[in-house]
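Trainee: Read off the chains here:
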Amino acid sequence: MRLALVLALISGTALAQGRVYDRTCDVTSRRSSRGGVACGSVSYAQFEFAPASGAGMGAACACTTPTAATGEAMTFSRASVAWCTKGNETSGIANGDLVECASGQPRVMPGGDGTGGLGLSVWEARTNSALRSQELENAAWVLLGVTAAAPTRTANYATAPDGTATAERLQFVATGAAEGSVVYQTVGGGGVANSIGVYLKGASSAGTVDVCSSNGASYSCTACTFVAATWTRCLRENTVVAAGVDLVIGNASWRNGGTTRVANDVLVWQADQQVGATMGPPITTTSAAATRLGELADVALTFGAGTTGFSTAQTTVYPEGASPNYGDGLSRVLNGVPGTGVPGGAAASVNGSYPFPSAASLFTQDCNPSAPNTHTNARRSISGPLNRFVTYFNPVGAANLFGCVNDICDDGVAATWTAPTWTRYRLGNYTVSSGSTNAVIKKVCLDPSPLRCR
Amino acid sequence: MTAKETAAAILAASGLALGIALVIPDTETNEADLRAAGVKLDYAVYAEDNEGVKVYVAYVAESDGGTTLYKLDRSPCARRPAGVDSRDCLALESDGGTRDQGDENTMQDGDWIGVGCVRTACVVVAGREPETGL
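Each protein sequence line maps, in turn, to chains A and D.
Start counting the first sequence at 1; every next residue gets the next number (the numbering used here).
Start counting the second sequence at 1; every next residue gets the next number (the numbering used here).
To be clear, the hints were calculated from the coordinates, so they are not data collected in a lab.
None of these values were measured; they are calculated from a predicted model.
Every residue gets a Cβ at the ideal spot worked out from N, C-alpha and C, and that includes glycine.
There may be inaccurate statements among the hints.
[What the hints assert, rightly or not] Some but not every residue of chain D turned toward chain A, in silico, with C-beta under 10 Å:
id: 1; residue: Ala9
id: 2; residue: Gly38
id: 3; residue: Glu129
[Stated by the list, open to error] If you only want the chain D side, here are some residues facing chain A, beta carbon under 7 Å, derived:
id: 4; residue: Ala12
id: 5; residue: Val39
id: 6; residue: Thr98
id: 7; residue: Asp100
id: 8; residue: Asn105
id: 9; residue: Gly110
id: 10; residue: Val123
id: 11; residue: Val124
id: 12; residue: Val125
id: 13; residue: Gly127
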């Protein structure tokens, strides 16, 4: 009996230590592994959210709240409705792929080109200034012919990406170099970077139309190729024009530099004009501009006080973001070696604002999408009573990932770091109005060993 | 979110005053005076002032690159209610012409003209009824 008690105490101690350093198996398997039995086929690092296996995430666009990989609870807030896309965000979109989640409901989706596992979409607040975004038959949308016939419009002609019969049919006539056959709306809001977008599908065949921002003096058009089988979300991003922006859709030869267009028979749905260098998920409008409010997501952490073994050389975080601009497959690493370089330089250009207390207090890693998994400029967090760890990804400009602990970050020189009580991991935005995540976050991993984050 | 927080988020989403706390002035400004002075008010939104009273606020971009927040006595935006003759409330085109913007559709500050127009919220939270604003 006494021997059994001693063995139990030893076993308990080992288990406690294993929780810190070796959480590669679930509880049952971990106990088995202590006895020499191999772990199960699924194992996780200390903390993982939206792993490649999809554990905890549920189904795409179910509008339900996910958990971290081993069941840690997530809290989420967004005080408005928002659209979720089940697959590719910009092409190959099937009827029913878009689902509107109610206020407060998270959007679990693959993001980007729809490949890879599911992640959590976290966006800043955005406003769509295009009225009647799904009612292009409304008088807010003007049919215009420029030395050519104006397009013919049929309301609610076909099924839209959300599965409702709300897609309009627009038949644009062929246009010569100085001609136009378009539908447009003056949406205002010029002078800052704008992005516009619209869902297009061939009524019977593929084709190419123009989507333009224009104020009459400056024209910025994108040639949008669409197909008949699926929807394409055509984007024209990062356009700065003077006040009085016109959102133009159709054969805009007189504004696209003189490129002629053949007649196009197109299904059209959900037009957006958003302030921002990148286009965000769509926002439905009716009679007024509408704002999708910012999102906050926190995951409770189950490893806490006394957790040791983290060091700047070992702690690894892989938030993976995907937006229509950067697509999937980005892997950004917070790892490492006490950094060199100048922290905060990129942050100073985040939409003209810097959300942290000090521009020189970053815990961050260069996460340039063109060079993922690089480890330069790595930072480590401060020591102290930690209870909140924040990372967010800014796809605008330098495309950096930023991190912070307890609202304060540091690029100190100590080589090791003991994590005290971790209670919450914030995914994405720093506050509801600061820190432009603007991406689908996936493959978040936190572990003393970089080998267990994959 | 409070009405004030929501207003700040909307203003930020409109590209105005991103990350700046919304400090609503005590003094109310007559919207008509600003309009007469040729001041353009983009995306005025509902907020609560320091006494909890719902007001309209709007930023104005100044020539020196800064912005000024105004507490307004009324919204600068307008719409034409259904049933009103379209000739009595029209949208202004950038070239000075006018056109029918349709029933109930919001027109921003300076983009409308006519005695049949009624003031309305410039922007609403997605999924909420425009009439209720914030």
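Trainee: Tell me the hint numbers this structure goes against, listed in increasing order.
Mentor: 2, 5, 6 and 9
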